Amino acid sequence: MSRVKAPVVVTANCLRSGQVVYLNAAHDWIHALQSAVCFDTIEAATDAMAAADDGAVVIGAYLVPVTKNTGAISPTHYREAIRFDGPGAYIANVSRSAKLVPL
Amino acid sequence: MQNLYRYNAFDRDFVRERVAQYRDQVGRRLSGALTEDEFKPLRLMNGVYLQLHAYMLRVAIPYGTISSGQLRGLADIAERWDHGYGHFTTRQNIQFNWPRLVDTPDILDALADIDMHAIQTSGNTIRNVTTDQFAGAALDEIADPRPYAEWIRQWSTDHPEFQFLPRKFKIAISAGAEDRAAIRAHDIGLRMVRGEEGPAFDIYVGGGLGRTPVVGERVFDAIPVDALLPHLEAILSVYNLTGRRDNKYKARIKILLQSVGINDFKNQINEALQHIQDTFNGSELVRLDRIIEQFAIPPFPLRCVDPYLDAVDADPAFRQWVERNVTPHRQEGYSSVTVSLKAHGQAPGDASASQMRRVAALAEAFGFDEIRVSHQQNLVLPHVSQADLPAIYRELAEVGLATPNIGLISDLIACPGMDYCALATARSIPIGQAIANRYASLEATLGPISIKISGCINACGHHHIGDVGILGLDKAGVENYQVTLGGRPGLDAALGEKMGPGFSESELMLALDRMFSAYLTLRENSSESFADTVGRLGVNPFRDALYEVARAA
Chain A
1 MSRVKAPVVV
11 TANCLRSGQV
21 VYLNAAHDWI
31 HALQSAVCFD
41 TIEAATDAMA
51 AADDGAVVIG
61 AYLVPVTKNT
71 GAISPTHYRE
81 AIRFDGPGAY
91 IANVSRSAKL
101 VPL
Chain B
1 MQNLYRYNAF
11 DRDFVRERVA
21 QYRDQVGRRL
31 SGALTEDEFK
41 PLRLMNGVYL
51 QLHAYMLRVA
61 IPYGTISSGQ
71 LRGLADIAER
81 WDHGYGHFTT
91 RQNIQFNWPR
101 LVDTPDILDA
111 LADIDMHAIQ
121 TSGNTIRNVT
131 TDQFAGAALD
141 EIADPRPYAE
151 WIRQWSTDHP
161 EFQFLPRKFK
171 IAISAGAEDR
181 AAIRAHDIGL
191 RMVRGEEGPA
201 FDIYVGGGLG
211 RTPVVGERVF
221 DAIPVDALLP
231 HLEAILSVYN
241 LTGRRDNKYK
251 ARIKILLQSV
261 GINDFKNQIN
271 EALQHIQDTF
281 NGSELVRLDR
291 IIEQFAIPPF
301 PLRCVDPYLD
311 AVDADPAFRQ
321 WVERNVTPHR
331 QEGYSSVTVS
341 LKAHGQAPGD
351 ASASQMRRVA
361 ALAEAFGFDE
371 IRVSHQQNLV
381 LPHVSQADLP
391 AIYRELAEVG
401 LATPNIGLIS
411 DLIACPGMDY
421 CALATARSIP
431 IGQAIANRYA
441 SLEATLGPIS
451 IKISGCINAC
461 GHHHIGDVGI
471 LGLDKAGVEN
481 YQVTLGGRPG
491 LDAALGEKMG
501 PGFSESELML
511 ALDRMFSAYL
521 TLRENSSESF
531 ADTVGRLGVN
541 PFRDALYEVA
551 RAA
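Here the protein sequences line up with chains A and B, keeping their order. Each residue of the first sequence is one higher than the one before, counting from 1 in my numbering. Each residue of the second sequence is one higher than the one before, counting from 1 in my numbering.
One thing to keep in mind: the hints can contain errors.
Derived, one-sided and incomplete: chain B residues facing chain A with beta-carbon distance under 8 Å [to be verified]:
hint : residue
1    : Gly32
2    : Leu50
3    : Ala54
4    : Tyr55
5    : Leu101
6    : Met418
7    : Pro430
8    : Leu473
9    : Gly477
Beta-carbon label-pair distances, calculated as ranges [stated by the list, open to error]:
hint : chain 1 : residue 1 : chain 2 : residue 2 : range
10   : B       : Asp11     : A       : Ser74     : 50 to 60 Å
11   : A       : Lys68     : B       : Ala33     : 52 to 62 Å
12   : B       : Asp492    : A       : Val57     : 48 to 58 Å
13   : B       : Glu505    : A       : Ser74     : 15 to 25 Å
14   : B       : Asp11     : A       : Lys68     : 50 to 60 Å
15   : B       : Ala33     : A       : Ala51     : 19 to 29 Å
16   : B       : Pro298    : A       : Ala81     : 33 to 43 Å
Just so you know, these hints were derived from the structure itself, not from any lab. Note that the structure is a prediction, hence the values are computed from the model and not measured. Built from N, CA and C at the ideal position, the CB exists for glycine as well.
Can you build the whole structure from these sequences, using the hints too?
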């Protein structure tokens, strides 16, 4: 596996719902990528991930490389962009935010 | 009366007990009593995966056969606990892409209410036995293979020896002169043949796609019914003991078969049979007889089909649908209808809850209460009177299920790809949508073409056995699509040949334009299909067309 390069955000899936979540500055898990905390070092991100992932709220936490242009956070790899945006092939025509389950 | 297997009290108790067990496991996971490492194999044993955006529940549809009531139940689940739709898969199952873990025990209970479950839809076990979607209706079959598929399902469900195989194990069975179940792409493929004393089975072993695609080889000929389960048990036993467990990519039976060779493998099976044979005492044959009774072919009342013939003459759209989506039936005056889940621009295999309910209602009104799921990701009404075809067409068209495209370019297979799947390396659904839309006005001219798209090397989209196979990969952080040509399922199965370097999505569309344009120029006449033209000329002219611009540049 190639070495992850900062800046990064911390992501996981919610244990109860499975939905995609990110870590914010208060070390809470949230749905909004733009409200995630962006770490400038892998060490800081890894420490924060370890502290926040107690196995009871989320599963599969990992680091996602991002860019931060004019304040907007964008994953550098298309996989993570798709993972945040949701499938483009929605048959039910339901927006992602309309279906998010409160954490 | 449905001609499909009906649960007895034992089946119902078994499924309910499994749901109760799973509910307890979920509760212990949520309370923290189980870690994720402890819980993951337990949820997988009940078909619950974690995908990219959410959990996914894979529900077993044994040999792709369900009743109207079951399809309605699936629609209810889609609406109540998911996002209002389900995805029918290349293994004749259905997947729900958005269930919450906390709801999954209730969903499994709702499945139990309709005699369904998600057992052995994951894990290193014997998975759903698949078969011909026209089983029991096809003109060319020697017997309905579904009772035998059900027999194998009962034998393999919760089989104590085969819950932790080296790797997952897939069995397909086909009884037609034409193999419509891709049996040589399965770990075991069974072909029903006429034996000296009734039905018998040619047994193919070691087929499979994935990262090491292999066409299964015929290992046993014309095995009689009473020796079938002992042979399956012997094959699985040898595989269970000698298959590799040190490397998951070399753990399928195809690798074992290649490493020991057919003759040695067959010798091991025959040796195992000597002690396995005695463990079958004949009660399994009594059980088979009971199963066969439940699959009795329904009486087909003869009806006047003049209104149907009149509609064919009067309505070009209906006529086109009949030509593409209606298949001859063993009973004169009857047909099988393929319900296209491939409307142009739709995700292949997806059906909304309202569409499922419409198909259920049509099966109830016109189709002996029975629906099939095809491995090409469509639904089938296997037995309908031709007198009812105009009404069925109208009702399907109202809900977008009458696209007249079966066998044409837009009737393509695509795995969920990176739109859903955590293993995917590229998206496949948008590629399928783009192809379907791009060639919508040309597809009748292009004629029969099978396009199969996989979003990773695991090949859930069966790209190795498509006329045109498309494999999506991650090339330095960009989605990249490789093309293979000349693959086919069937008894003369062949793996497609990789054409060369992959394309970006936009390059791919231009390359396909050139290739199909070359086909229209090169074919002998309009009735020579794409596959036949590739077979006659070889792949080189088509490779040249695919890469024409790249080479010129």
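*Violated hints, by number in ascending order, as checked against the structure*: 8, 11 and 16
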